[in-house]
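Sequences and hints are given; from them, build the entire structure.
2 protein chains.
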Amino acid sequence: MALEIRPSQALRLWRQVHLDLVQDGDADLSARQTAILLTIYLELPPHTVRGLAQQLGVTKPVITRALDTMGKLGLVSRKRDDFDRRNVIIQRTVAGALAVERLADLIVQRSRELGAG
Amino acid sequence: MALEIRPSQALRLWRQVHLDLVQDGDADLSARQTAILLTIYLELPPHTVRGLAQQLGVTKPVITRALDTMGKLGLVSRKRDDFDRRNVIIQRTVAGALAVERLADLIVQRSRELGAG
DNA sequence: CGATAATGATACGGATCCGAAACGATCAGA
DNA sequence: TCTGATCGTTTCGGATCCGTATCATTATCG
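Line order of the protein sequences matches chains S and D. All residue numbers for the first sequence refer to the UniProt record's numbering, where the first residue is 1 and numbers rise by one. All residue numbers for the second sequence refer to the UniProt record's numbering, where the first residue is 1 and numbers rise by one.
No wet-lab data here; the hints were simulated from the structure. Keep in mind it's a predicted model, so treat the numbers as computed, not measured. Each residue gets a CB set at the ideal place from its N, CA and C atoms; glycine is no exception. Be a bit skeptical, because a hint or two may be false.
To be verified - Negatives, chain S to chain D, calculated, CB over 10 Å:
| # | residue |
| --- | --- |
| 1 | R6 |
| 2 | S77 |
| 3 | R85 |
| 4 | I89 |
| 5 | Q91 |
Stated by the list, open to error - No more than 25 Å apart at the CA atoms, straight line, and that leaves these computed lysine to any residue pairs for SDA-like:
| # | chain 1 | residue 1 | chain 2 | residue 2 |
| --- | --- | --- | --- | --- |
| 6 | S | K72 | D | L11 |
| 7 | D | K72 | S | V62 |
| 8 | S | K72 | D | K72 |
| 9 | S | K72 | D | A31 |
| 10 | D | K72 | S | L11 |
| 11 | D | K60 | S | G25 |
| 12 | D | K60 | S | K72 |
| 13 | S | K60 | D | K72 |
| 14 | D | K60 | S | D24 |
| 15 | S | K60 | D | G25 |
| 16 | S | K79 | S | Q54 |
| 17 | S | K60 | D | D26 |
Right under this line is the structure:
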């Protein structure tokens, strides 16, 4: 079930999708923000600041700031953990789910357009 | 010759490669910088500031700044066009070619590890 | 020559991000 | 209770980036 892709195809796919993301006018996320967003939407909850920091190998303030930014964009939301009020649970949103879905469709579409390369 | 990939696979690939890029410690490039870098290394030269700005749909200072940053990282270099000294020709470098090659290998490797998803 | 156009770089104010350190709030255990 | 650990946030100085506007240099053409 492994995906068969050649290096030149991989690069063209990577370039084209990034071009689309830049041109779509949506606030383009940094690599870190992208990794955080997709981790939240692909991995099993619950997600915490500390957990995300560990998975990404970055410090906690990086996560806090990324959540601030993506929260303003409506891509994620935060909620105190009622069982341990030190924790913050990061939650998905409708807008975030839609954005992730759009990204998936974009990658799929651009990969279909790849030639033999 | 189209690449068969499902949305969930696309997202897992996107996430994993971004995780790798963040963790590799290399200065992670923005979406714009990535698009610029790959355009320089995939499209036929010569590349100019103006041409890149048009292809990306951004303003010229964005390109100038990105070239400053990537120049410091050794990923690209600049050279005056001797036939029209208003132009600046953006050139590839050995370090840049290596970085692009590493990115390609990373994508290929991670795509091989995808399950049926 | 002189006027106009084109190119890439720079100045500017504002926004964002970084890592390190410190902080307040909360929990756990003696 | 109270001491220490844990959690997420905030602060700090410094760096980067943004878009707009402007700049110096160079080319083009009358």
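Hint consistency between K72 of chain D and V62 of chain S [alpha-carbon to alpha-carbon, up to 25 Å]:
holds (24 Å)
Pair hint outcome, K72 of chain S versus K72 of chain D [Cα-Cα no greater than 25 Å]
violated (32 Å)
Distance rule for R85 of chain S, whose beta carbon must clear each one in chain D by more than 10 Å:
Non-interface label stands for R85 of chain S: nearest chain D Cβ at 30 Å, farther than 10 Å.
Since R6 of chain S was said not to touch the interface, does its Cβ keep a gap of more than 10 Å from each Cβ of chain D?
Label violated. Min Cβ-Cβ 7 Å, cutoff 10 Å.
Beyond 10 Å from each Cβ of chain D, as asserted for I89 of chain S:
Holds: least Cβ distance 20 Å, greater than 10 Å.
For a C-alpha distance cap of 25 Å, please report whether K60 of chain D and D24 of chain S respect it.
Holds, at about 18 Å.
Would S77 of chain S pass as off the interface with chain D, using Cβ distances and a cut of 10 Å?
S77 of chain S clear of chain D: closest Cβ-Cβ about 20 Å, beyond 10 Å.
K60 of chain S and G25 of chain D were given as a pair; does the straight-line alpha-carbon distance stay at or below 25 Å?
holds (16 Å)
For the pair supplied as a hint, K79 of chain S and Q54 of chain S, confirm whether the alpha-carbon distance does not exceed 25 Å.
Distance of about 20 Å is within 25 Å: holds.
Hint consistency between K72 of chain S and A31 of chain D [alpha-carbon to alpha-carbon, up to 25 Å]:
Cα-Cα ~19 Å, so holds.
Hey, K60 of chain D versus K72 of chain S, does the alpha-carbon distance stay inside 25 Å?
violated (28 Å)
K60 of chain S and K72 of chain D: Cα distance at most 25 Å?
violated (28 Å)
Of the numbered hints listed earlier, those contradicted by the structure are 1, 8, 12 and 13.
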